Amino acid sequence: MLKFILRRTLIMIPQLFLLSLIVFVLAKAMPGDAITGAFAGDPNATEERKEELREKFGLNDPWYEQYGRWIGNAVQGDFGSSYMYKQPVTTLLAGKVGNTVLLALFTLIITYIIAIPLGIVAGRWTDTWADKLIVTYNYFSFATPLFVFSLLMLFLFSFILGWFPIGGSVDIKIEEGTWDYIVSKMEHLFLPVMSGALLATFGTIQYLRNDIIDTKLKDFVKTARAKGVPERKVYTKHILRNSLLPIAAFLGYEIAGLIGGSIFIESIFSYPGLGQLFLTSIGARDFTVVTALVMILGTATIIGTMLSDIILSIVDPRIRVE
Amino acid sequence: MVKKKLMMLVSLMLVLSVFLAACSKDKEKVEGVEKEKPDSEKIEEVENTEELSFPVDVSNKDAVLEDGELVYALVTDDPFKGTLSPVFYDDTHDATILSFFSESLLAGDGDYLITNDGAATYDISNENKTITIKIKDGVKWHDGEPVKASDLLYAYEIIGHPDYTASGYVFPTNNISGMTAYHEGKADTISGITVSDDDRTIAITFEAPSPSILSGVATDPVPRHYLGDVTKGEITIEEIEGSDKIRTKPIGFGPYKVKKVIPGEAVQYERFDDYWRGKPNLKSIVLKVVNSATILEALKKGEVDIAGFPTDQYLNAKDVDQFELLGKIGFTYTYIGFNLGEWDKKNKTSIMNPKSKSADKRIRQAMWHAMNNEVVGKEMYHGLRVPATTLIPPALGFHDAENKGRSFDPEKAKELLDEAGLIDVNNDGFREDADGNELIINFLSMSGGEVAEPLAKWYMQNWNDVGLKVQLLDGRLHEMQAFYDMIDTDRPDIDIFMGAWVAGTDPDPSDIYGRESFNNFSRYTSEKNDELLKAGTSEKAFDVEYRRDIYNQWQEMMVEEVSLAPTLYRHDLKAVNKRVTNYSIDPGSPNSDIWMWGVTK
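Protein sequences appear in the order of chains C and V. Going by this note's numbering, the letters in the first sequence line up with residues 1 to 322, in that order. Going by this note's numbering, the letters in the second sequence line up with residues 1 to 601, in that order.
For reference, chain C alone in the conformation it holds in the complex (with noise of 0.2 Å):
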């Protein structure tokens, strides 16, 4: 298991080195710089003042150049410095992600707590009318956009019913440390981890149950239902073992996704996180945070898929035959 592991890691790194490379060039293929952007539409901004500002970023040096510089920081954990917020894109990140991956989890987990009981139920119960209404509200969450409903639950639960606040990460008002802290922190988090998780289950939701249906047909299954095996234990212990494979296989992928896809989630509850900084940061050219954004999702990917495979291999030892 621990060669295992060691040898994913050290893929990683030409894995890694490769995408910053791609990230940069396509980047730097993009019209326009950091400059561009900040000063348009600004009659203040003479050609000078920007030539010579490109000059002092770097802008002006050919890509190998820059990306040379930019990987050789970047190697020693210095990501460069932010245009557009004029800080370091480290202390900047910073003070981002742990927003970012609060809301990712929370959405993992009470994605998961809704998708896998409905989708062991709708398994295993086929054609009721339990199935039915889980696959109907699967086809409803899969259809119904995310920023759509985002703002509907927020007009539901903020607006008319007044339960919880309309936007921000915690109340400024209450002070750091304390319990109250923590629950306006709950507060804030529950609308967006609701309307984030509520339409994410459709694909868990609809990968267990079809497993499940498939499952019960095997060889093996109608074995231990011969041997008499109690039908409560056929699905917890032979079943289910196996239609969750899928399941831990897209765990990788799911956080990755949580992590980039969150724009619309932390822009409708003016949440700050990652993937706001992200679209802004494309849209200005702040290249310095697009880049080592891009990096954060493909390290979070790649560690991801890892962690599926490290769990698919406890789960399943097939997998584990080399």
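It is worth saying that the hints were derived from the structure and are not from the lab. Note that the coordinates shown come from a computational prediction; the quantities given were computed from them, not determined experimentally. Glycine is no exception: its CB is placed at the ideal position from the N, C-alpha and C atoms. Do not rely on the hints blindly, as some may be mistaken.
[Said to hold, decoys possible] Interface residues of chain C toward chain V, partial, derived using beta-carbon atoms under 7 Å:
| id | residue |
| --- | --- |
| 1 | 47 |
| 2 | 86 |
| 3 | 88 |
| 4 | 168 |
[As the list claims (entries may be wrong)] Now the stretches of chain V that chain C is said to cover, found in silico as 3 or more residues with beta-carbon under 8 Å:
| id | segment |
| --- | --- |
| 5 | 82-90 |
| 6 | 166-175 |
| 7 | 254-263 |
| 8 | 284-296 |
| 9 | 511-523 |
[As the list claims (entries may be wrong)] Some residues of chain V that are not near chain C, with every Cβ distance over 12 Å (derived):
| id | residue |
| --- | --- |
| 10 | 54 |
| 11 | 73 |
| 12 | 178 |
| 13 | 183 |
| 14 | 242 |
| 15 | 324 |
| 16 | 329 |
| 17 | 430 |
| 18 | 531 |
With chain C fixed as given, assemble chain V onto it according to the hints.
Coordinates of chain V only, in the frame set by chain C:
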């Protein structure tokens, strides 16, 4: 069972239709516009409603509640940047956050000209080259230290510093004597700035006299004792930029102190009891970011007291009881620019090209006359945008209200084009150029927002109607960065382009229209233009009436020459809860000063 199923389906449909209704409301409007727009015959159907006008002061005149609290919304879909220093910020949202706790030493009047009513007084001497600023007694930083003249000097030392990269290094700051040498690292001090021994008075001498000083001189001090001194090597520019002292714990000398910042999300202010004007009315203010999709509901619910209001939701907000809308025409104007030449990089000057497709000014005049901006303003912007007349927007005192610009007049446009020799020779419905060759005008327009595309198509249709064949450059709209990249690099096949300028408080237009300004994207030049722009900033122009006359002449000339055709001015709206009092968006009103703002409930 069947019945049950049906019921479920019905209820599902109901839920769905609520969704659809919720999201289609705004869209419908835009789609409707898109369909209607290119049909010029609809013009007659546009109602001749009165032009919109909004109050600039709140109607609530009740007594101010002691120790009230107010919530101010920053309406944006992105977190704010949070560079909270008057010399380092670049962004309008940060500017708003700053305005509560930081001010300029010299106050401005309704025309944005400096006055003696602020925390300092001024005097101009030395043939109008030197401004002497004297800080009044009792002006204190939030930490209790007095605001010193050397703190203002510090602002200039940072802005001029070779490592400084924010947007403060502009005219007239870069015109201070000795600033260039300091900026290039050749001098340790700025020779044109002297501070008196008692540290209350600062004298700033400029290379040349210019009335722009009266509106453009930077007087925002920076707390040297709090941030640390860059000139003594205590801290670097980069360290200040990243420092908590300008991000989460900034200080100023304005009416409210920053108590707490949640980066990108919210700021909490509390009253500064030692404010130099007196005790501010409110006990505390919370400023928070609110998404534009939810601002209307937040206002209705009273969760927010003051908010900049998005144009596209105006129709839903007109008759709401909880708040009132204040508005005035802002500094921004949209324009159609003509590619009349190119930028000579070596000599840093614009050169006109007599072969340009719109080199004949009658063509440019005709294209302005052909645009029906009234319909655009009324239909696409609900009347919140109005046809623009001159290149100095009405927010500035130097706008010539008498000058009506060029109104929508397709017949006049056709006449002008006929005169210019653009005749449809081959009867394909479009005019050929003066030599009888086919004329296709390439139009560069920016994407972004739902209106961008219908707007571009509407203008193209307007020009088609007078016989000009206009097509989108590359057949599509271009994203903002690509747009400015193409403009900056002078892409030769651009013939006309649509952009927007935000005018500064200084009326001098030479930064956009001067011969040697790169921002003169049209590359229009003329002797008369040079002459007027120079006269407008000459020593004689310290006389406001003289200056006004010069700028009236310049606006007149530009309506004749049309280097850019201004299209629309914008109403900027503020939604204000009815419990707010002493609030005004008129820069000349004392209630525009934040310390006066109050609530009555």
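Numbers of the earlier hints that this structure fails to satisfy, in rising order: 11, 13 and 14
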